[in-house]
Amino acid sequence: MDLFSNSHARGEGWYLSLMPPNTKGANFAWLDPSRLYCSSKALSDCVKDLLKPFYNDTVDLVVGIDAMGFILGTAIATTLGKGFLAIRKAGHLCVSTKTQEYSDYTGKEKVIEVREDVLKPGLHVLLVDQWIETGGTMKAAIKLVEEQGATVVGVAAVAIENSEGGKWIKEHYKYSHCIPEELQPQIDRQYWNPSETSVRKIRQKGCFLHLLHAVFCLEYFHKTGLTRKKQIKSHLQ
Numbered sequence: 001m002d003l004f005s006n007s008h009a010r011g012e013g014w015y016l017s018l019m020p021p022n023t024k025g026a027n028f029a030w031l032d033p034s035r036l037y038c039s040s041k042a043l044s045d046c047v048k049d050l051l052k053p054f055y056n057d058t059v060d061l062v063v064g065i066d067a068m069g070f071i072l073g074t075a076i077a078t079t080l081g082k083g084f085l086a087i088r089k090a091g092h093l094c095v096s097t098k099t100q101e102y103s104d105y106t107g108k109e110k111v112i113e114v115r116e117d118v119l120k121p122g123l124h125v126l127l128v129d130q131w132i133e134t135g136g137t138m139k140a141a142i143k144l145v146e147e148q149g150a151t152v153v154g155v156a157a158v159a160i161e162n163s164e165g166g167k168w169i170k171e172h173y174k175y176s177h178c179i180p181e182e183l184q185p186q187i188d189r190q191y192w193n194p195s196e197t198s199v200r201k202i203r204q205k206g207c208f209l210h211l212l213h214a215v216f217c218l219e220y221f222h223k224t225g226l227t228r229k230k231q232i233k234s235h236l237q
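So for the sequence shown, the working numbering puts the first residue at 1; every next one is plus one.
FYI, nobody ran anything at the bench for these hints, they're computed from the structure.
There may be inaccurate statements among the hints.
[Said to hold, decoys possible] DEER-style ranges, computed between Cβ atoms:
hint, residue 1, residue 2, range
1, 151, 3, 34 to 44 Å
2, 11, 118, 33 to 43 Å
3, 188, 117, 31 to 41 Å
4, 10, 116, 43 to 53 Å
5, 188, 4, 24 to 34 Å
6, 124, 95, 33 to 43 Å
7, 27, 53, 12 to 22 Å
8, 40, 99, 33 to 43 Å
9, 38, 163, 37 to 47 Å
10, 25, 118, 34 to 44 Å
11, 185, 89, 28 to 38 Å
12, 27, 163, 14 to 24 Å
13, 34, 83, 22 to 32 Å
14, 163, 81, 27 to 37 Å
Think of the CB as a built atom: it goes at the ideal place given N, C-alpha and C, for glycine as much as any other residue.
Using the sequences provided together with the hints, build the complete structure.
Structure follows, in structure tokens:
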């Protein structure tokens, strides 16, 4: 049994509806994307969407950010047939490391680290995290990778908010995320109700179909009317 995979709508980003909102308050992230990982189909589709911009690029190594970037990062690395390197919260690795200070999405000062014996000049890296809110963590990870001479091919996350840091990442690096354009304003407002957009799309589609039907009817009656006129004229002659 594949949990949460019986979605009736399998359109673009269908798996995003699996993300439940925050019910615990401001001390927690405002969304929890981790439930979509419980479905192999959702996780597979998410990874495929994230990789679309990078299929023609050289990727030697996938680097994931502690902790939720490990899940997506390893899934992406496995799909590409590449290795995976973890960027950890400082103080966890028992080997020589490079460290980088940063402020996370809560405004807290933190430090991340990566081992010194993997990243090197000429290595092409795809950086992965679950979510980019302020961009502080990802920018620190980029700095860690580049200071060791490796090249950041791109950045991938379920969502990239259009915060100052998020915009900076989008402007300076190739990126991919799973959020359709029409849902990005909700992500930026940190308000999540994809059904609103779905309903609006359905209504717009319904209006379009009604219009299309009306045009078809007018064309049909116009043609049949001309045919009828020709028949009457022929009969009179």
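Status of each hint after checking the structure:
Taking 34 to 44 Å as the suggested C-beta distance range, the pair residue 151 and residue 3 conforms, at roughly 38 Å. Range check, residue 11 to residue 118: about 39 Å between beta-carbon atoms, so the 33 to 43 Å window is met. Evaluation of the 31 to 41 Å hint for residue 188 and residue 117 yields a pass: the beta carbon distance comes to about 39 Å. One distance hint, 43 to 53 Å for the beta-carbon pair residue 10 and residue 116, holds here, with the actual separation near 44 Å.
Taken as a hint, the range 24 to 34 Å holds for the pair residue 188 and residue 4, whose Cβ atoms sit roughly 26 Å apart. Look at residue 124 against residue 95: about 23 Å separates their beta carbons, and that is not inside 33 to 43 Å. For residue 27 and residue 53, the hinted distance range of 12 to 22 Å is not satisfied, since their beta carbons lie about 34 Å from each other. A hinted range of 33 to 43 Å for the beta carbons of residue 40 and residue 99 is consistent with their spacing of about 36 Å.
In this structure the supplied range 37 to 47 Å is violated for residue 38 paired with residue 163, their Cβ-Cβ distance being about 28 Å. A hinted range of 34 to 44 Å holds for the C-beta pair residue 25 and residue 118, which are about 38 Å apart. Between residue 185 and residue 89 the beta carbon distance is about 32 Å. The supplied range of 28 to 38 Å therefore holds. Residue 27 and residue 163 have their C-beta atoms about 19 Å apart, which keeps the hinted 14 to 24 Å range intact.
At about 24 Å, the beta-carbon gap between residue 34 and residue 83 stays in the expected band of 22 to 32 Å. Checked against the hint of 27 to 37 Å, the pair residue 163 and residue 81 passes, with Cβ atoms roughly 33 Å apart.
Taken one by one, the earlier hints fail for this structure at numbers 6, 7 and 9, listed in ascending order.
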